[in-house]
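Construct all of the structure, not just a fragment, from the sequences and the given hints.
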Amino acid sequence: MARRGSGEGSIYQRANGRWVAYTRLSDGRKKFFSGATRRDVQSKLAQALQAQREGTLVTVRDASVAQYLERWLGAIEPSVRVRTHESYALNVRRLIPHLGRSRLSALEPAAIQACYAKLLHRGLSPRSVEQAHTVLHNALRQAVRWNLLARNPAEAVTAPRPRRRELLVLSEEQVRLLLEVTGDDRLHPLWALLVTTGLRAGEALGLKWTDLDLEAGTAVIQRALQRQRGLGLVFVQPKTTRSRRTVPLPDGTVALLREARSRQAAERLQAGPLWQDRGLVFCQLNGRPLDPSWLGGQLHRVTASQGLPSIRVHDLRHTAATHLLTRGVHPKIVQDLLGHSTITLTLDTYSHVLPSLTRQAAVHMNALFPEGLAKSGGA
Numbered sequence: 001m002a003r004r005g006s007g008e009g010s011i012y013q014r015a016n017g018r019w020v021a022y023t024r025l026s027d028g029r030k031k032f033f034s035g036a037t038r039r040d041v042q043s044k045l046a047q048a049l050q051a052q053r054e055g056t057l058v059t060v061r062d063a064s065v066a067q068y069l070e071r072w073l074g075a076i077e078p079s080v081r082v083r084t085h086e087s088y089a090l091n092v093r094r095l096i097p098h099l100g101r102s103r104l105s106a107l108e109p110a111a112i113q114a115c116y117a118k119l120l121h122r123g124l125s126p127r128s129v130e131q132a133h134t135v136l137h138n139a140l141r142q143a144v145r146w147n148l149l150a151r152n153p154a155e156a157v158t159a160p161r162p163r164r165r166e167l168l169v170l171s172e173e174q175v176r177l178l179l180e181v182t183g184d185d186r187l188h189p190l191w192a193l194l195v196t197t198g199l200r201a202g203e204a205l206g207l208k209w210t211d212l213d214l215e216a217g218t219a220v221i222q223r224a225l226q227r228q229r230g231l232g233l234v235f236v237q238p239k240t241t242r243s244r245r246t247v248p249l250p251d252g253t254v255a256l257l258r259e260a261r262s263r264q265a266a267e268r269l270q271a272g273p274l275w276q277d278r279g280l281v282f283c284q285l286n287g288r289p290l291d292p293s294w295l296g297g298q299l300h301r302v303t304a305s306q307g308l309p310s311i312r313v314h315d316l317r318h319t320a321a322t323h324l325l326t327r328g329v330h331p332k333i334v335q336d337l338l339g340h341s342t343i344t345l346t347l348d349t350y351s352h353v354l355p356s357l358t359r360q361a362a363v364h365m366n367a368l369f370p371e372g373l374a375k376s377g378g379a
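Residue numbers (my numbering): 1 to 379.
Hints in this document: simulated from the structure, not taken from any laboratory. Worth double-checking, as some hints may not be accurate.
To be verified - Quick list of the computed label-pair ranges, beta carbon to beta carbon: (1) 141 - 53: 15 to 23 angstroms; (2) 332 - 250: 15 to 23 angstroms; (3) 50 - 231: 25 to 33 angstroms; (4) 53 - 293: 35 to 43 angstroms; (5) 228 - 47: 29 to 37 angstroms.
Unchecked claim - Here are the simulated lysine-lysine pairs, DSBU-like style, with alpha carbons at most 35 angstroms apart: (6) 332 - 208; (7) 239 - 332; (8) 208 - 239; (9) 118 - 239.
Given the structure is predicted, the values throughout are model-derived calculations rather than measurements. Even glycine gets a Cβ: it sits at the ideal position worked out from N, Cα and C.
Dropping the structure here:
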């Protein structure tokens, strides 16, 4: 039988029947894997060899939790979105002061539970600690796959359960007031677009005039604008595959976008050589992108001056979805309009609307009964 090449690993069976495999590391040490069957260790060895080729195999002897988490962040960086990786890194920074010095192989559920208690005591919200738990659980699950741990200690830990945040939604009268009082505002078309289509703010700020067909009344969502750490404002791919979509525009929104196009042409002439042509629908007076984080303050200024609820820009998306559902639009259509990845996400997010929809269904069923019986309620 042909011998394995250097670094290809070896498999053998011990006298007790257990199977063992190992691969030789670059520093000459051997990394061992064991299992009940040859197939078990073959699978573990194959995964380790692949990780070794990709540079993701953790080879530090008795690696600390901090060393492992930093290596894990580097390994997953190419496969996740930039903002997702930033979120993971933030949570790792929160965990390391409490768990970082522990050896990965000695990490116990009790230590993790104590870490969460300290984070809560420090002032982090239950939601933030829950996110840290999710990141740690995912990282340790990968450690199990890389055969660094026999089990995931985070599975035996109870994460804080944050209270479900009540969605803030503007009523129809409040939406009309918002659009009325911002009529002369340069951002008026943007507020109208967000509250009538449910677009994410980054999607709206990433729109270019070439994405719009104002004759057909549609907008194609194929990029988003976001601020990334160390890079500033960048255009990125839509959040999910379903986020890349074509959205119908109400006639009123189309009319406002036409006005915005004419106003932008005048601004372009006024800016002269200072104009930076990015083709953006919504931009600064010199054509450069608007910062998504800047919008919140502008919206708060309007709502505070008019006695409207203090809402986030993202709440305009919730407002659009809620009004669509309460007017009887099928949740599947709402899912497509919002670009949600699953119908479950849509239903879970807007579960507050379902009771009224259920009552409407009962009212509709009255049509099946004789008129007198339906009115009397069966009395």
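Outcome of the hint check:
1. 141 - 53: 15 to 23 angstroms: holds (21 angstroms)
2. 332 - 250: 15 to 23 angstroms: Holds, since residue 332 and residue 250 (Cβ atoms, about 20 angstroms apart) stay within the stated range.
3. 50 - 231: 25 to 33 angstroms: holds (31 angstroms)
4. 53 - 293: 35 to 43 angstroms: holds (41 angstroms)
5. 228 - 47: 29 to 37 angstroms: Since residue 228 and residue 47 have Cβ atoms about 32 angstroms apart, the given range 29 to 37 angstroms holds.
6. 332 - 208: holds (27 angstroms)
7. 239 - 332: The given pair, whose Cα atoms are some 18 angstroms apart, holds under the 35 angstroms limit.
8. 208 - 239: Judged against 35 angstroms, a Cα distance of about 17 angstroms means the pair holds.
9. 118 - 239: holds (33 angstroms)
When the structure is compared with the earlier hints, no violation turns up for any of them.
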